[in-house]
Amino acid sequence: MNLVAFQTIVTKEIIRWTRIWTQTLLPPAITMTLYFVIFGNLIGSRVGEMGGFGYMEYIVPGLIMMSVITNSYGNVVSSFFSAKYQRSVEEMMVSPVSNWVILFGFVGGGVLRGLLTGLIVTIIASFFVELKIYNAFVVVSVVFLTSVLFAIGGFLNALFARKFDDVAIVPTFILTPLTYLGGVFYSISLLPEFWQGVSKANPIIYMVNAFRYGFLGASDIDITVAFVLILAFIAALTSLSIYLLNRGTGLRA
Amino acid sequence: MTKALSISNLSKTYKNGVQALKGIDLEVEQGDFFALLGPNGAGKSTTIGIISSLVNKSGGKVEVFGHDIDSDLTNAKKMLGLVPQEFNFNIFEGVEQIIWQQAGYYGIGRKEAKKRAQPLLEQLGLWDKRKSPARELSGGMKRRLMIARGLIHDPKLLILDEPTAGVDIEIRRSMWEFMQDLNEKGTTIVLTTHYLEEAESLCRNIAIINHGEIVENTNMKSLLAKLDMETFVLDTTGLPEQLPQIQGYEVRRRDDTTLEVDVHKGAGVNGVFAALSQHNITVLSMRNKANRLEELFVRLTENKAGGQAS
Ligand SMILES: Nc1ncnc2c1ncn2[C@@H]1O[C@H](COP(=O)(O)OP(=O)(O)OP(=O)(O)O)[C@@H](O)[C@H]1O
Ligand SMILES: [Mg+2]
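Keeping their order, the protein sequence lines are chains Y and E. If you're matching positions, the first sequence starts at 21 in the numbering used here and goes up one per residue. If you're matching positions, the second sequence starts at 41 in the numbering used here and goes up one per residue.
The following block holds chain Y by itself, in its conformation from the complex:
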């Protein structure tokens, strides 16, 4: 394992997203502030309790998770795709960096941005609601693993993408709907039984609920299932990425 190369890629990523901080760090801060004001304060006060907690308290973990997911994924998909597009990815391809290092270098950069965004959102949230942490280990491990998972997802998306439009398809048509239906804004116990079953096919439900459990100590699902699921997804997507990198899919003519 070439540690210098790994560091180089991660540093390169950090330089990239700090250079364009108005496109990377600022937007989630603004969007989430709006969510907190509108859903938390204005609407939330009429909703009353959700799952036994104040509405604001209930949605904060989900919103943090939502920004972590979007930013981890978005960072890797746009950075790796533009490296492909500008062909600067060839710098890595000609050099003896292993495909593992390339994958986890980009993932590392995405996770750092995802977690930093999560932290920013958490700080903003703390102005609106008093945050209590029920289980810090669960909070940290779930947010980290989820971030890793979606960063790998972004990498795969970039490998397959041929044009800039392809970078937006998955986030728009898959990621966003699954997140909104992923229990960020409501407890699935509110749904009729049938839709509860359907919701449980949405992997994001498990991540959001496990993360919320870390804060509130309450969850719609078994959090062991959540951990197993996230780890299984990480293993599967990592294997797929390495397989595609070895074949040169989307990279070598």
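A few of these clues could be false.
[As the list claims (entries may be wrong)] Listed next, the in silico DSSO-like pairs over lysine-lysine satisfying Cα-Cα at most 27 Å (straight line):
id, chain 1, residue 1, chain 2, residue 2
1, E, K225, E, K196
2, Y, K104, E, K118
3, E, K225, E, K154
4, E, K305, E, K329
5, E, K118, E, K155
6, E, K266, E, K305
7, Y, K104, E, K55
8, E, K196, E, K266
9, E, K266, E, K225
10, E, K43, E, K55
11, E, K261, Y, K104
12, Y, K104, E, K171
13, E, K55, Y, K183
14, Y, K104, E, K182
15, E, K329, Y, K183
16, E, K266, E, K62
17, E, K155, E, K171
[Said to hold, decoys possible] Selected chain Y positions facing chain E (in silico; Cβ < 10 Å):
id, residue
18, L23
19, A25
20, F26
21, T31
22, K32
23, I34
24, I35
25, R36
26, Q43
27, T44
28, L46
29, P47
30, V114
31, V121
32, R182
[Claimed, not checked] Computed from the model, here is a short list of chain Y residues facing chain E with C-beta under 8 Å:
id, residue
33, Q27
34, I58
35, N61
36, R107
37, S108
These aren't lab readings, by the way, just hints derived from the structure by calculation. Even for Gly, the Cβ is constructed at its ideal location relative to N, Cα and C.
Given the structure of chain Y, go ahead and fit chain E with the ligands onto it with the hints provided.
Positioned in the frame of chain Y, the structure of chain E with the ligands alone reads:
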């Protein structure tokens, strides 16, 4: 001795069906300065792409300093430095950042990278631009940036794909010196170029590729020796209606005052002048019709073209 580069039966068919390489063999000795020439679309960049892991081969074998790219790719890559034909850096990154990163990919830490980068950037005239983002460089500077980048890990084999394209004469000359110097210090160099005088003056061995096949592979001297005829262009004050026949030479009229004369090797040009002055034709100046290598090149690549579209 192990070859710096050894290619056997290398073939490539792209997904769109283009057969870019039809089983080529090529060997480059250690320490050589080797020219890989050929017209547009001949397969030069494809060959280089395969050697440097940017293109998947369809068949054949490639070894860089004895390291097979199929079984020992990491070591093959360590031997190799690449200066590609097309710009392939992130234009938003700074010159220095690009060089340091490349060093990092080879496991060279930041401190060591800085130490190596300075002399390289100075020699290539980029030191003053080290903080500039790559998009602010001129075309010639971008080429030199790619040369510096390709050398930061001190490769034993440097492959340059048209490094002097679009570079002004002065800079081109200094790049020649730079490459010669590098070669004298022991780096094996493979160069592609469409400036044949460049290949003629720099390279010792040469391969010409056309339509995915090697049509000539020899050393520069014996290739040039093959050229049995040279064409001269003569500017005169005026030509008569009826051109004089000159024994042993082929004479053609180009326009009212210009002549073309084919001269066989060893025949000399004295006979031409003698005959012309006999006919009261005054020669103002004389030059070679084309670079010698250029003539050979055209002949070699025309013969094989055989009506194929290119
Ligand atoms: N990525 C690709 N996909 C499909 N065909 C390609 C690709 N790259 C090159 N080709 C085709 O392969 C053939 C060889 O191209 P190559 O780039 O190797 O030529 P070259 O000798 O480098 O030419 P030039 O002097 O113009 O750079 C050409 O017919 C070209 O159109
Ligand atoms: Mg080319």
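Verification of the supplied hints:
1. E:K225 / E:K196: 10 Å, holds
2. Y:K104 / E:K118: 22 Å, holds
3. E:K225 / E:K154: 22 Å, holds
4. E:K305 / E:K329: Given that 27 Å is the threshold and the Cα spacing comes to 15 Å, the pair holds.
5. E:K118 / E:K155: 19 Å, holds
6. E:K266 / E:K305: 10 Å, holds
7. Y:K104 / E:K55: 19 Å, holds
8. E:K196 / E:K266: 32 Å, violated
9. E:K266 / E:K225: 31 Å, violated
10. E:K43 / E:K55: Status violated; Cα separation ~31 Å.
11. E:K261 / Y:K104: With a Cα-Cα distance of about 42 Å, the restraint between K261 (chain E) and K104 (chain Y) is violated, given a limit of 27 Å.
12. Y:K104 / E:K171: 24 Å, holds
13. E:K55 / Y:K183: Given pair K55 (chain E), K183 (chain Y) holds - Cα atoms ~18 Å apart, limit 27 Å.
14. Y:K104 / E:K182: 19 Å, holds
15. E:K329 / Y:K183: 48 Å, violated
16. E:K266 / E:K62: 26 Å, holds
17. E:K155 / E:K171: 16 Å, holds
18. L23: Because about 8 Å separates L23 (chain Y) from the closest Cβ in chain E, which is inside the 10 Å limit, the hint holds.
19. A25: Holds, about 5 Å.
20. F26: 9 Å, holds
21. T31: Result: holds, 8 Å to nearest chain E Cβ.
22. K32: 6 Å, holds
23. I34: 12 Å, violated
24. I35: 7 Å, holds
25. R36: Result: holds, 8 Å to nearest chain E Cβ.
26. Q43: Nearest chain E Cβ about 12 Å off; hint violated.
27. T44: 14 Å, violated
28. L46: 18 Å, violated
29. P47: 19 Å, violated
30. V114: 5 Å, holds
31. V121: 9 Å, holds
32. R182: 13 Å, violated
33. Q27: Since the shortest Cβ distance to chain E is 7 Å, the answer is holds.
34. I58: 35 Å, violated
35. N61: 39 Å, violated
36. R107: The hint holds - R107 (chain Y) has a Cβ within 8 Å of chain E, the shortest such distance being about 4 Å.
37. S108: Because about 4 Å separates S108 (chain Y) from the closest Cβ in chain E, which is inside the 8 Å limit, the hint holds.
Of the hints listed earlier, those the structure fails to meet are numbers 8, 9, 10, 11, 15, 23, 26, 27, 28, 29, 32, 34, 35, in rising order.
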